[in-house]
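Let chain A serve as the given structure and place chains B and C on it in line with the hints.
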Amino acid sequence: MPTLAPPAPEDRSAADRAATAEVPPRPPSGAVLAEQFDDLDQQREADTLGMWVFLATEVLLFSTLILGFVVYRFLYPEAWHVGTEHTKFWIGSANTAVLLTSSLVMALAVHAAKEARWKAVTWLLVGTAALGALFLGLKGLEYYLDLHEGFWPGAGFDVGGPLRQQVELFVVFYYCMTGLHALHMTIGIGVVLTMAILAHRGTMRGHMHVEMTGLYWHLVDIVWLFLYPLLYLAGG
Amino acid sequence: MNVPFFPESASTGAAEVDAIFFVLLGLGLLFSLGIAALITVFVIRYRHGNENADRSNPINENRILETGWIVIPLLMGLGVFVWASFAYYRLEEPPPGEMHEVYATGKQWMWKFQHPNGVREINTLHVPLGRRVRMNMSSEDVIHSFYVPAFRIKQDVLPGRTTTVWFEATKTGRFRLFCAEFCGTEHSYMGGFVVVMDPAEYEAWLQTGDTAGRTTMPGTGVGEPVAPDDVRYRADPQDAGRTDVSPEPWLLQNADREAPAVDRGPVSMAAAGAALFERLRCVSCHRPDSTALYPAQGPSLYRLFGSRVQIGQDRFVLADEQYLRESIVYPYAKLVAGYPPIMPTFKGQLSEEELNQLVAYLKSLGAHSSAPARPVALDSVAAASPPPTR
Amino acid sequence: MAIPAPPSRTRRPDLPDTVLPDSAARTRVHYLNDGRTLKSWLLTTDHKRIGLLYLVSITVFFAIGGVFATMMRMELLTPLGDLFTSDVYNRLFTMHGIVMVWFFLIPSIPTTLGNFLLPLMLGARDLAFPRLNLASWYVFMFGALFTLAAVVLGGVDTGWTFYTPYSSTFSTSRVFLVTLGIFIVGFSSIMTGLNFIVTVHTMRAPGLTWLRLPLFVWTTYATSLIMVLATPILALTLLMLVVERLFGVGIFDPALGGDPILFQHFFWFYSHPAVYIMVLPGMGVVSELVACFSRKRIFGYTWVVAATLGIAVFGFLVWGHHMFVSGQSIYAGMVFSLLSFLVAIPSAIKVFNWTATLHKGHIYLKTPMIYALGFIGLFTIGGLTGLFLASLAVDVHLHDTYFVVAHFHYIMVGGTMMAYLGGLHFWWPKITGRMYPEKMGVFSALTVFLGFNLTFFPQFILGYLGMPRRYHQYPAEFEVYHVLSTAGASILAVGYLLPFLYLLWSLRYGKPAPDNPWRATGLEWKTPSPPPKHNFDTPPVVVEEVYDYELDEHTDAV
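Chains as they are written, first to last, in my numbering: chain A, 71 to 306; chain B, 221 to 610; chain C, 3 to 560.
So that you can see chain A by itself, here it is in the shape it has in the complex (with noise of 0.2 Å):
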């Protein structure tokens, strides 16, 4: 991807770097250029680091969570065996290929942005987002089934027998760990529609949004792939 030659920092005049402020360098990819950067590579670079300090907030908040969860697994294994075999096993596992699959459409996504394929670009992100909404759909039935069979913690728990407080505590993290993870999931349907709008409309400005987005959604994946063993598979 062309970019801009960074200029030697010696040769720019006050003058120059406040006309670079009122009128954006526009290199043929259309990156802008904000005002605090020097050039398109420390800009790049910077985001990228921002990118990826964010991802590790990310994978700390839901590690505190799994940790917790493990915990009490450690605690109360039978329990975890009832939750674990309650659970929708084929939805889980059918959700955890959708998300691969939309990784996948992601990843090929992120490819042609950066080779400028702005329809392609678009239609894979529309992809994405709609593999990204199978997952909720598939969710929310899961939800619904778990709620028609008092699968919800509250005060008429009763799954699990004399193990029911145990099993409720599982339940209380099964909606946590999925519940924050659905929330992420939203959220990164929502910016994948956005990214896919300004792609339609040749808006989008350099790859490098359409790249964070990727990151973003990868993470998501990832973290679905902790917890589909963990609440599918770890009690059998």
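Check the hints yourself; a few may be wrong.
Okay, the calculated beta carbon distance ranges per label pair [claimed, not checked]:
| id | chain 1 | residue 1 | chain 2 | residue 2 | range |
| --- | --- | --- | --- | --- | --- |
| 1 | C | Glu-479 | A | Pro-299 | 56 to 64 Å |
| 2 | B | Ala-424 | C | Glu-479 | 27 to 35 Å |
| 3 | C | Leu-44 | B | Tyr-409 | 42 to 50 Å |
| 4 | C | Tyr-140 | A | Glu-185 | 37 to 45 Å |
| 5 | A | Glu-105 | C | Leu-311 | 30 to 38 Å |
| 6 | A | His-218 | B | Pro-561 | 23 to 31 Å |
| 7 | C | Leu-44 | A | Gly-260 | 22 to 30 Å |
| 8 | B | Gly-269 | C | Leu-147 | 45 to 53 Å |
| 9 | B | Tyr-559 | A | His-218 | 31 to 39 Å |
| 10 | C | Gln-330 | B | Pro-224 | 29 to 37 Å |
| 11 | A | Pro-299 | C | Met-143 | 36 to 44 Å |
| 12 | A | Gly-220 | B | Lys-567 | 14 to 22 Å |
| 13 | A | Val-129 | B | Glu-228 | 50 to 58 Å |
| 14 | C | Ala-334 | B | Ile-562 | 32 to 40 Å |
It should be emphasised that the hints constitute simulated quantities derived from the structure, not laboratory data. Values in this document were obtained by computation on a predicted structure and should not be read as measured data. Even for Gly, the Cβ is constructed at its ideal location relative to N, Cα and C.
Just chains B and C now, kept in the frame of chain A:
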């Protein structure tokens, strides 16, 4: 005016804690006064205005100096760490031997104590001088912390589990008792005194039912005389003809049952536990006489305390107070391997005190380790109960 | 993208150290007068203005937290709880803790001095993500609103640690609102940390290599790492607490199968590193001050940098030392005790290096330097008493007593607060373009030092005597020490009020500041005071080593 500067020391562990404290204080003074002196000297000598000071060849980096002030404090620190850790071990792990067991329950905002022979008191704890006392503590609501500054001991008291702490008093007198973990509105009122008495005096206090320090709490059962019917139950007719019950500790409740129905005063913790054990029909599954022909549905509890219980393929757990308690409240949390999950949970059906009584009873059934062959609770049960007439 | 310049040892060219005439300072366009509307402040993306927005906000919170502290000290003047009810007292110490920790100490130096100085010290025009920076302030204020609402509606009585099951089940106070407020403020913290990390990595001026960074940048960087890595855990922990409270399920409630100790693990896994979020930036400030006012390079610069990173890493491994008597296994206690002894070493390295920096220096006892020396003394005491608490057997006795209270106030107030005030005085000319009154500065610094020691030293004795913390009423034999403490607190209050008044006064009547009144090194001094909106009229290129002080140079501007 009497202004204390240093707390009283009244337990066997206090001296060592104080010794470590003074060593730390010495090191702390050495470093802080050293730093302060250096800063003062440098500031005076090299102050702006004193242009005569020798400022030639200033140093900006010196590996030997840096290594030195890393290694020397580190070694000092490690020394204190090792000492303090051993002292902590001694403070936490009771030495083997006879223990005087006291049960404590924390609740917003009072301490309830019960002695092995059943005497209860609130916010004041009487203990004998020169005997090792072990507190078995749990909470009815939030986290509390049992703190006696003069003994230098502190242990959080948690709801839903049993924690223990031990001490041996070395001075008679009254010492302050605090709750050290914030527990709600009247946290600062949740305290009282530990009264250390000469052993003979203490025994007399226990036996004469001297009610000094025993507060009656109407309606709570605290301090009120225990009605015999509350703790002694008729045998189930079904069991009447059974002779296959093992002769000793299991018979305690029988001994109790056949005792004359007079109020002997407070009933010992273990005896009360035994009565509960029978009332709750625990014995019908936890028979000690399991045979191949007539297997018991639950594991034997004889000599359970202190043993290692297998709860999974390669999982073992030490049967301490916490385990006994947990297995009553949550039978399946650590189910003994090979037994079906059929035990009903007793969560919410037993008060903290009843749980303590059951645990005291289970402990009286013999400990796994041979050192304290007969736990104290058992002794006092035997002492308090008339000999079996059978 | 930093282009490392050849490490030439050319001396820094003498900067024109001109004092601008009053009128010139007013006519020159700088970040303060470039746009005077409220909108230009509330929608600014200029890191310097955002720093000032934070400065105003946290000053308000410091005042609120201070009022709570004053009321507590008044109550504790007598053994009996005769001024407030227990319920009110519990709310006072809880709100004091919450406001001071999350709304003053954690944001204090990073969001004010850090925001203002980081790009200047790096020679950058702004932070990497200026809009994110502004957003972080709004998120902070949004979270603060919840907390203030909770205060108005009656406050919280759980202690700032929110131990379950009291907080989740038994407390009837505004736990939900406050935890939500802290949860939101956490995101502000994460945003700031992320911004700082990226800025330090990508926006250093040409020639500004990692080992030429001022120590303030290093400590801010280390702090940001902790913020980014620890805060999500707090966020999720509080969220679980809220879920438990709202839906009555038992994540941490033993009555419902939960484990209250797990909450403590989670809480301290954040809150112990948070202690270093609070004190590391203070260490950075003190390093700058000691170097400048001794006219010397910091002794053992690379060792101090290593110590900074060491603290950031080891700080994550010692959370269990808050739980020695909670019922965790004694072997876990030993591991955490050992690690706690180890984490003390980097702090000790710093103290020794600051002291060694004074040797053969040329020491100016200006106000910031007095604060810095005060910091070293108080931080040393705070750190050494930390070792008492890290020693297992001794901690059994001292845990949850006034000894702990005194210890962490020596670190937080004696440390962070001294550094914050010292830094504020040091950079005040750069921030506002005005000098503060020096004599008043020295006087108030000494007042703070005296008042602080009188307030908190008696609490060490109280603690060893066995006085538990969070006590509304207490046995009469402790009264003398509480009276001393309250007396000290009133002196301390004067010490804090004075700078507030004279710094405000100086905004209008202070002498106009020259560009570099202290003849300090560092890029922030190579631009006018106050700086122009884009920080530098010519982008700086760094050719000299860090702290390139010349001994024979004098600060004679003031």
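Checked hints:
no. : hint                               : in the structure
1   : C/Glu-479 to A/Pro-299: 56 to 64 Å : holds, 60 Å
2   : B/Ala-424 to C/Glu-479: 27 to 35 Å : holds, 31 Å
3   : C/Leu-44 to B/Tyr-409: 42 to 50 Å  : holds, 49 Å
4   : C/Tyr-140 to A/Glu-185: 37 to 45 Å : holds, 38 Å
5   : A/Glu-105 to C/Leu-311: 30 to 38 Å : holds, 32 Å
6   : A/His-218 to B/Pro-561: 23 to 31 Å : holds, 26 Å
7   : C/Leu-44 to A/Gly-260: 22 to 30 Å  : holds, 27 Å
8   : B/Gly-269 to C/Leu-147: 45 to 53 Å : holds, 52 Å
9   : B/Tyr-559 to A/His-218: 31 to 39 Å : holds, 34 Å
10  : C/Gln-330 to B/Pro-224: 29 to 37 Å : holds, 32 Å
11  : A/Pro-299 to C/Met-143: 36 to 44 Å : holds, 41 Å
12  : A/Gly-220 to B/Lys-567: 14 to 22 Å : holds, 20 Å
13  : A/Val-129 to B/Glu-228: 50 to 58 Å : holds, 52 Å
14  : C/Ala-334 to B/Ile-562: 32 to 40 Å : holds, 35 Å
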